[in-house]
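K.L.:
This is what each chain is made of:
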Amino acid sequence: MRALHLDFSSATPIWSQIEEGMRRLVASSALEPGRPVPSVRDLAKDLRINPATVAKAYQRLADAGVFTVKRGDGTYVADAPPVLARAERTKSLRQAALGYAAFASSIGAGHAEAADELAAAWRSFAARKEKP
Amino acid sequence: MKKLLAVARREVIEKKFVFAAALAVSAIVPLLPVLRGMTGAGARDLRGFLAVFASWSFVAAVAAALGASALAGEIARGHGGFYFSRPLSSVSIWGGKLASSLGIALAAGLIVAAPALLIDRRLDPLADLAGSTGRGLLVAAAAAVLLFLASHAIATMVRSRSMLALGDLLLAVAVGFLTWDALRRLYELWPDPARGLWRVGAAGAVVVAAVLVAGMHRGVSRGRTDPRAAHRGLSVTVWSGLLVAALVLTIYSRWVLAAPPSSLESFESASPLGSDGWVSLEGLARGTRAEFLYDTRTGRSRRIFGPPAVSADGSTAAWAERESGRSSPWVVRTMRLDRHDVSPTETRLSLRSPWRIFLSDDGSRIGSIEDGLLSISELPSGRSLASARLGQASTFAAGVFAAKDLVRVYTGTAVHPERVEIFELHIDSRDLARTGSAASPRAWFLGSPSHDRFVQAEKDPGRWTLRDGRTGEVIATLREGGPLFSAASARMSDGRWVLLLSDETESWLEVFSPSGERLSRLRIGQKGIVLPGGEVAQGKLALALAPGKTSPPGDPARKLYVADIERRTVERRADGLRPIWFLKAGGIRPGSEATKLFLDDSKTLVRFDTATGERRIVLGGS
Amino acid sequence: MTSSVPPPGGPLLEIRNLTVRYGKATACDDVSFQVAPGSVYALLGRNGAGKSSLVRCALGEQKADSGSPQLFGEDVWKHRARLLSRVGVVPEEPDAPAAMTARHLEAFCRELYPRWDSVSFNQRLERFGVPQQTPFGRLSKGQKGQVLLALALAPSPDLLVLDDPTLGLDVVARRAFWEELMGELADRGTTVFLTTHDLAAIEGIATRVGILKEGRLVLDEEVETLKSRFRKIRYGNRITETRTEFGTELDAFESVRVKVRGWGIEAVVSNWDEGAFETFRRQDGVEGAESSAMSLEDIFFAVAGEPRGAEKNGGTATP
Chain A
1 MRALHLDFSS
11 ATPIWSQIEE
21 GMRRLVASSA
31 LEPGRPVPSV
41 RDLAKDLRIN
51 PATVAKAYQR
61 LADAGVFTVK
71 RGDGTYVADA
81 PPVLARAERT
91 KSLRQAALGY
101 AAFASSIGAG
111 HAEAADELAA
121 AWRSFAARKE
131 KP
Chain B
133 MKKLLAVARR
143 EVIEKKFVFA
153 AALAVSAIVP
163 LLPVLRGMTG
173 AGARDLRGFL
183 AVFASWSFVA
193 AVAAALGASA
203 LAGEIARGHG
213 GFYFSRPLSS
223 VSIWGGKLAS
233 SLGIALAAGL
243 IVAAPALLID
253 RRLDPLADLA
263 GSTGRGLLVA
273 AAAAVLLFLA
283 SHAIATMVRS
293 RSMLALGDLL
303 LAVAVGFLTW
313 DALRRLYELW
323 PDPARGLWRV
333 GAAGAVVVAA
343 VLVAGMHRGV
353 SRGRTDPRAA
363 HRGLSVTVWS
373 GLLVAALVLT
383 IYSRWVLAAP
393 PSSLESFESA
403 SPLGSDGWVS
413 LEGLARGTRA
423 EFLYDTRTGR
433 SRRIFGPPAV
443 SADGSTAAWA
453 ERESGRSSPW
463 VVRTMRLDRH
473 DVSPTETRLS
483 LRSPWRIFLS
493 DDGSRIGSIE
503 DGLLSISELP
513 SGRSLASARL
523 GQASTFAAGV
533 FAAKDLVRVY
543 TGTAVHPERV
553 EIFELHIDSR
563 DLARTGSAAS
573 PRAWFLGSPS
583 HDRFVQAEKD
593 PGRWTLRDGR
603 TGEVIATLRE
613 GGPLFSAASA
623 RMSDGRWVLL
633 LSDETESWLE
643 VFSPSGERLS
653 RLRIGQKGIV
663 LPGGEVAQGK
673 LALALAPGKT
683 SPPGDPARKL
693 YVADIERRTV
703 ERRADGLRPI
713 WFLKAGGIRP
723 GSEATKLFLD
733 DSKTLVRFDT
743 ATGERRIVLG
753 GS
Chain C
755 MTSSVPPPGG
765 PLLEIRNLTV
775 RYGKATACDD
785 VSFQVAPGSV
795 YALLGRNGAG
805 KSSLVRCALG
815 EQKADSGSPQ
825 LFGEDVWKHR
835 ARLLSRVGVV
845 PEEPDAPAAM
855 TARHLEAFCR
865 ELYPRWDSVS
875 FNQRLERFGV
885 PQQTPFGRLS
895 KGQKGQVLLA
905 LALAPSPDLL
915 VLDDPTLGLD
925 VVARRAFWEE
935 LMGELADRGT
945 TVFLTTHDLA
955 AIEGIATRVG
965 ILKEGRLVLD
975 EEVETLKSRF
985 RKIRYGNRIT
995 ETRTEFGTEL
1005 DAFESVRVKV
1015 RGWGIEAVVS
1025 NWDEGAFETF
1035 RRQDGVEGAE
1045 SSAMSLEDIF
1055 FAVAGEPRGA
1065 EKNGGTATP
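Chains as they are written, first to last, in our numbering: chain A, 1 to 132; chain B, 133 to 754; chain C, 755 to 1073.
It cannot be assumed that every hint is accurate.
Calculated from the model, a selection of chain B residues having no Cβ within reach of chain C, i.e. all distances over 10 Å [stated by the list, open to error]:
1. G212
2. T382
3. G438
4. S475
5. P486
6. L538
7. E605
8. G648
9. T736
One-sided and incomplete, this derived list gives chain C residues near chain B with beta-carbon spacing under 10 Å [what the hints assert, rightly or not]:
10. K817
11. A852
12. A853
Since the hints were made in silico from the structure, they are not lab data.
Please read all numbers here as calculations on a predicted model, not as lab measurements.
No residue lacks a Cβ here, since even glycine has one placed at the ideal position from N, Cα and C.
The following block holds chain A by itself, in its conformation from the complex (with noise of 0.2 Å):
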């Protein structure tokens, strides 16, 4: 699996990071369908991190249909993609537009500059996922 990187000194909040690169994980096939993800208790070994946030980022995660929780068996990555309802699609989509927009106008990049680097980010999930 390929790492999960978590920023402390970010203001997102750690079960937001983790919710957000295991998205990450499952758009590039890192996390393939199906498959089972790290235990609670690894992760948040691994990351040296509350369990508790471990266990609110998996839940949101199944709640979003990303994963699955098999009972007394553990948790998993859906097998089909999850499916939203489009209002609430672009609901989601514009609440992270904004972040995002937010984020690079606090570093000073202009508009062309971030929508460049929004296509580059589709380009590599659509490599991975070529990839075997």
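Based on the hints, put chains B and C in the right spot on chain A.
P.N.:
For chains B and C alone, coordinates are given in the frame of chain A:
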């Protein structure tokens, strides 16, 4: 309890090394006699002594060391958290420490004593020291408890490094002073001082132990890991407890000393002081020996702490008391019995013992005999008038004022215990002269008011003589013959002498003229103890007859008679009564108040008029 | 055991108006906070800030001058012995008796707790590699801490209290200690109340922090919100022709600390938000303004790093 035991067990495991040390010491006990080449009884004695000495020392040292370190030390070093951060109650913590420390100390003591015990099968010195081996163990256990607790308290106070320790010191001094002050007086008044002290000591040890345990509990439960708070809790409890105990003891001591005559458990002695109704009463009051001057007419009384002397006219009583401590001198106090005010006057006279003081007939002079030195002083000033050395250590001495300026002394000597030497001192000229001697009396002797003659029971059984007061020479032999069941003497106000006698069959009295001629013999009744009373009217002598020596006062078999010397009759007047103690009293007026005082039982003083039969309880009774 | 059940959702530990004095010195001055179930509360503060006094009071080991702490909803001073059967404690000083081996210590403690777990105790010591037959006094500092953690976890506590548990431990021992704690959090979700100087280690563990400064609780907040509102702002401050006011450019923020450096000004603000920052950077004379997020250590340093009185702008970080 389970947690207390867990703490105790943990403590024992940690302090195992004490047992190793005890084992090492115990090996020395049997080895030392061998090294010194001793065998048999000598070796056994040495072993016994060593075992007892070493084990007691070991118990004491271990208890004290653990008391200082086991709890106070840990808390002071900041290690109290090990216990207080766990679900252990304060009682479990200190209880476990206390129990384990005592167990360790006593077990170590037993280990030290074990070899001697195994070899000799007994520990004689322990039994000798404490009365019995069991008691020795008990005392050792009690001592270990106290040492542990005291050591814990002191360590807590010292190791908190707070100014409170100064307060502790002051309070310790205060408690010590209060205790000493309360005990010093009681100690002298207890009928058995050693036993009294032992009892107070045992009670004190229990109180101190209880207070220290309470202090330890409060210190531990209030202070927990904070040494100063622990110190505060301990000090507040210990000192308030000990102060209360010391105050209780002080109040008890005051209460005992303030006992009124009515608190006397029995009148072991009741004698007239003059003719007018004053008596001295003696007995046990509130657990102490007590003596009172008591006015039977008004109920006024004064507790005194030394035997009283009274002047022949009944106007003045004198006695010696000491203020404090066993080494302080006895100060002579006097009191006028013929005045309304009965507060005593302190003289400047001080003595080294309270006995052997005597007063002149009018109470204006006092004499004392101490270590062969006769001193005469003026009252109430205490100004010295004369003194003379009698020249020999006297084993027995009595003094009288034969006249206002003439003192006569009857004194025994260590060299000739069988004789009484007679001296006269002229106060004005300060001449001391030996005027005669007499054979030592069997018991006391009875003198005439002018002291020119006296009757005494001779050592020769059943022999009574009348002697010259100045020379001691025999004027007349009043009676001779075999031993008697009972005998006593009395003197009538007109100078006639009376012997009250009983043999194995009957009792009677014999009357003699002032110069010793036998005038009459009057039968009283059955055999019994005959006690003389006062002269209830001119020529009439009260006397009591008890059937046997064990007959208690109040025994209805005890009969009171009045013997009429002139009419030669003896009449029974009452049952159960006996006269107060007239044996050493002289100069009582016939028919005076003093002659009307009787004891009903040992606890009841009654006024009884033998003429009218009127009877009234004066003191005691129910 | 007769432990009463705390009100559902109520704090496991509640400190209310706690004041502790030593003579004239005040160790804790009117401190109030709560440790909620499931949380990991880190109480931070410089040496002498009053943390240890507070912990001792929280465990009923010491009497507060006022404000008795409540443990599981009950007065801990009064019911210490009963309440502590549900609490595991790792003290600041390894205070176990020096002569006792780990085995002795376990035998002793086992008697005291109703839910003692010998198996996990032994497994932990095995994981740590602590010899069971060596007297406590002869163990290394790290091993002592591990034994004490094992003793604190064995009673299956509802609340774990750690008073600067990794003080004086080397990096390896520290790491092992925190990992073990993480395992406990994952397995049992134990609520933790701890004090520490090891800020980096608890960065991801603590859910809430309190900062004690000279006896006063100057901060008590969820880590998440704390991190979102603290930011470091750097900017150049230039004189321009149109500028009329100086020193007021930060007025929109609450500044905890402002430092003038050679290249400009560095400020730590405690109420950061995007919009306000946009306005700020467009102010006349403010040049090259950029903001950066702060780690727990940075925030702690900003809030508690300097003695009182050295703060500029009089800004306080109390929410």
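K.L.:
Of the numbered hints stated earlier in the document, which are not met by this structure?
P.N.:
Going through the list in order, the structure violates hint 1 alone and respects the others.
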